[in-house]
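Chains A, B and C, in that order, give the protein sequences.
The first sequence begins at 1 in our numbering and counts up by one.
The second sequence begins at 308 in our numbering and counts up by one.
The third sequence begins at 422 in our numbering and counts up by one.
Be aware that one or more of the hints could be misleading.
As the list claims (entries may be wrong) - Only pairs whose alpha carbons sit at most 35 angstroms apart, straight line, appear in this in silico DSBU-like list of lysine-lysine:
1) 38(A) <-> 362(B)
2) 397(B) <-> 43(A)
3) 175(A) <-> 441(C)
4) 21(A) <-> 430(C)
5) 5(A) <-> 441(C)
6) 38(A) <-> 579(C)
7) 5(A) <-> 397(B)
8) 445(C) <-> 362(B)
9) 5(A) <-> 579(C)
10) 5(A) <-> 468(C)
11) 362(B) <-> 579(C)
12) 445(C) <-> 38(A)
13) 579(C) <-> 22(A)
14) 21(A) <-> 175(A)
15) 21(A) <-> 38(A)
As the list claims (entries may be wrong) - Which chain A residues face chain B? A few, computed with CB under 10 angstroms, are given here:
16) 38
17) 41
18) 61
19) 63
20) 64
21) 106
22) 204
23) 205
24) 206
25) 208
26) 210
Calculated from the structure, these hints are not laboratory results.
Don't be surprised by glycine CBs; every beta carbon is placed ideally from N, CA and C.
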Amino acid sequence: MFDIKSYYPAYSVREALLLAKKHEGARFIAGGTDLLIKLREGKFSDALLIGVGGIPELSEIALDTVNGRERVLCVGPLCTFARLAADPLIESCAPMLGRAVDQAGGPQLRNVGTIGGNVCNGATSADSAASLFALNARLVLASLPEGEAGREGDTVDEEISIHDFYRGPGRVALKPGQLLTEIRIYPEDYEGYFGHYTKYSMRNAMDIATLGCAVWCRFSRDLKLVEDVRLAYGVAGPVPRHGRDLPVFGEPGPGRNQPPGFLAGLPGIPAAAGGRAGLPGNCPGLYSSPGSKGKRRSQDQAGAAGA
Amino acid sequence: MGLGYGLSEQMIFDDKGRLLNGNFLDYKLPTSLDTPELQAYFVETYDSSGPFGNKALGEPPAIPQSAALRNAIKNATGVAINQLPLTPQKLTAAFNAAGLYGEKTKSQPAGGKE
Amino acid sequence: MERELPGGKYWVLHCTVNGKPVEKAVEYRESLADFLRNQLGLTSVKKGCDVGECGACTVLVDGVSLDSCIYLACWAEGRHILTVEGLTGADGELSAVQQAFIDEAAVQCGFCTPGLIMTATEIVDSGRKYTREELRRLISGHLCRCTGYQNILNAVEKVAGAREPEEGEPRIILASQTEAGE
Numbered sequence: 001m002f003d004i005k006s007y008y009p010a011y012s013v014r015e016a017l018l019l020a021k022k023h024e025g026a027r028f029i030a031g032g033t034d035l036l037i038k039l040r041e042g043k044f045s046d047a048l049l050i051g052v053g054g055i056p057e058l059s060e061i062a063l064d065t066v067n068g069r070e071r072v073l074c075v076g077p078l079c080t081f082a083r084l085a086a087d088p089l090i091e092s093c094a095p096m097l098g099r100a101v102d103q104a105g106g107p108q109l110r111n112v113g114t115i116g117g118n119v120c121n122g123a124t125s126a127d128s129a130a131s132l133f134a135l136n137a138r139l140v141l142a143s144l145p146e147g148e149a150g151r152e153g154d155t156v157d158e159e160i161s162i163h164d165f166y167r168g169p170g171r172v173a174l175k176p177g178q179l180l181t182e183i184r185i186y187p188e189d190y191e192g193y194f195g196h197y198t199k200y201s202m203r204n205a206m207d208i209a210t211l212g213c214a215v216w217c218r219f220s221r222d223l224k225l226v227e228d229v230r231l232a233y234g235v236a237g238p239v240p241r242h243g244r245d246l247p248v249f250g251e252p253g254p255g256r257n258q259p260p261g262f263l264a265g266l267p268g269i270p271a272a273a274g275g276r277a278g279l280p281g282n283c284p285g286l287y288s289s290p291g292s293k294g295k296r297r298s299q300d301q302a303g304a305a306g307a
Numbered sequence: 308m309g310l311g312y313g314l315s316e317q318m319i320f321d322d323k324g325r326l327l328n329g330n331f332l333d334y335k336l337p338t339s340l341d342t343p344e345l346q347a348y349f350v351e352t353y354d355s356s357g358p359f360g361n362k363a364l365g366e367p368p369a370i371p372q373s374a375a376l377r378n379a380i381k382n383a384t385g386v387a388i389n390q391l392p393l394t395p396q397k398l399t400a401a402f403n404a405a406g407l408y409g410e411k412t413k414s415q416p417a418g419g420k421e
Numbered sequence: 422m423e424r425e426l427p428g429g430k431y432w433v434l435h436c437t438v439n440g441k442p443v444e445k446a447v448e449y450r451e452s453l454a455d456f457l458r459n460q461l462g463l464t465s466v467k468k469g470c471d472v473g474e475c476g477a478c479t480v481l482v483d484g485v486s487l488d489s490c491i492y493l494a495c496w497a498e499g500r501h502i503l504t505v506e507g508l509t510g511a512d513g514e515l516s517a518v519q520q521a522f523i524d525e526a527a528v529q530c531g532f533c534t535p536g537l538i539m540t541a542t543e544i545v546d547s548g549r550k551y552t553r554e555e556l557r558r559l560i561s562g563h564l565c566r567c568t569g570y571q572n573i574l575n576a577v578e579k580v581a582g583a584r585e586p587e588e589g590e591p592r593i594i595l596a597s598q599t600e601a602g603e
């Protein structure tokens, strides 16, 4: 038995927010794979839970037009890790994210655990965290408008960068009465990029990361120039860290327009290679293995070759 | 079983003797991805102290793996480590102390939480 | 069940367990493992750790394997749940997965076995063939102290069918190298 005082299922975002307003101190629960374990460990007690796992509009993955911007990758927070790992849209736009969440826990956990829960849990070791940082993900937080009059469909949405969302170990910038409703990745953060997430942990499965590192880069069309490199780390600090201030880049900011020598020094990654470049989402020409038609494996072959 | 004992399993106690990692997350049993392909061969001997000449099969064979692992590390690197489990932290500290990384670098002491 | 539930302490759960419809009142505090074991007497669902680490409590909910110890019973509303008790045939004959576990001596103390059998059933029902490394990854949510996973993999391979890795397929067993099983 869990130490749950009451549980309130919600079937729409508005209902969830109204329940949160009505029951002070209540927490949202999605897959429960973080929260219920915390309850078992006694990290809190007498829990008031609002179940948001049944809200249909929060589990979509699509390319949407947002605020006039096209092809924004919108991921619903209720998407399970298993679904993200297998989803073709994630595979084509941000395969590193799918690969990263595919390394969390074990298969049973990935079938239930959601990315929204992973993000809102605020752990620096979250497997989605380093990748989302490298992708400059933006989060949409919904809340009820001031002076709520109870009309259908009204919520106030706030978009916040994931860099500002993590505040400390286990703490995120989620105010009481706010619900994460969307994770957005804008096209300038994924088009033409490719990358890899490495999870170093004591065991190869069922373990929290001892260190996580996401690398996300974009080459020029002729593959002679590194246009952007992003590094993000999990567990390297109380919150996931972006490597943009690392001395290796010379000056603050990502390594824009660095000559190929910068990357050529790293093992396994050619400074220039033939193949198709410039396709949206990744550069399969660099990393395709013979016979694989851009399948997920091809990405990691490069990661493994470099490891 | 013996592989886990040698490589990752450790019961961590505080100074009052309370077990700190009494759960499966913190007590690191090898998962299927941590275990290589195993082959078992039976060495049939006659042990005069056992009934019909046999002896226990379940528990005693779990002992020598750690010794074999430790000897393998010594054979490969020349570094003798006499503590279990042989976690990466312990190995790094021992290799560092033995100068295997060239100039000695600052590193965390082995098993900082014990 | 109706939506206008007061959200208090009980929920009247309607679901299908091992092919039979079930209507029971569950407390919100109850995990699915507690519900299956205590209320329905399905003790094949083992509690190894109660924190979702060991996989002994694995059941199939709508064909998807999950740890029932960290899954609230009320979430099973309207779903089909399958445990080991539901695998045997009408006259008690064992399923192919169960028989393979016996034939390959994949059972020692037997505590991890029910969970592994449910995951193996999911693997077989997917209809796909996997390499041995992929199978290792698919059962990585289960902890087994006794067998070293060797015979378990032999048993699953026997039922699910094995496939050889393709030409050029990476052979390094990193967690990110294999296809998701779903």
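Consistency of the hints with the structure:
1. 38(A) <-> 362(B): violated (45 angstroms)
2. 397(B) <-> 43(A): holds (31 angstroms)
3. 175(A) <-> 441(C): violated (44 angstroms)
4. 21(A) <-> 430(C): holds (19 angstroms)
5. 5(A) <-> 441(C): Distance ~30 angstroms between residue 5(A) and residue 441(C) Cα, so the pair holds.
6. 38(A) <-> 579(C): This hinted pair is violated, its Cα atoms lying about 39 angstroms apart.
7. 5(A) <-> 397(B): Distance ~45 angstroms between residue 5(A) and residue 397(B) Cα, so the pair is violated.
8. 445(C) <-> 362(B): Given pair residue 445(C), residue 362(B) is violated - Cα atoms ~52 angstroms apart, limit 35 angstroms.
9. 5(A) <-> 579(C): Status violated; Cα separation ~47 angstroms.
10. 5(A) <-> 468(C): Holds, because 23 angstroms separates the two Cα atoms, which is no more than 35 angstroms.
11. 362(B) <-> 579(C): holds (32 angstroms)
12. 445(C) <-> 38(A): holds (27 angstroms)
13. 579(C) <-> 22(A): With a Cα-Cα distance of about 55 angstroms, the restraint between residue 579(C) and residue 22(A) is violated, given a limit of 35 angstroms.
14. 21(A) <-> 175(A): Satisfied, since the Cα-Cα distance of roughly 12 angstroms is no more than 35 angstroms.
15. 21(A) <-> 38(A): holds (23 angstroms)
16. 38: violated (12 angstroms)
17. 41: holds (8 angstroms)
18. 61: violated (27 angstroms)
19. 63: Violated, about 34 angstroms.
20. 64: violated (37 angstroms)
21. 106: holds (7 angstroms)
22. 204: Constraint on residue 204(A) satisfied, holds at 4 angstroms.
23. 205: This interface hint holds because 4 angstroms falls under the 10 angstroms limit.
24. 206: holds (5 angstroms)
25. 208: holds (7 angstroms)
26. 210: Since chain B brings a Cβ to about 9 angstroms from residue 210(A), closer than 10 angstroms, the hint holds.
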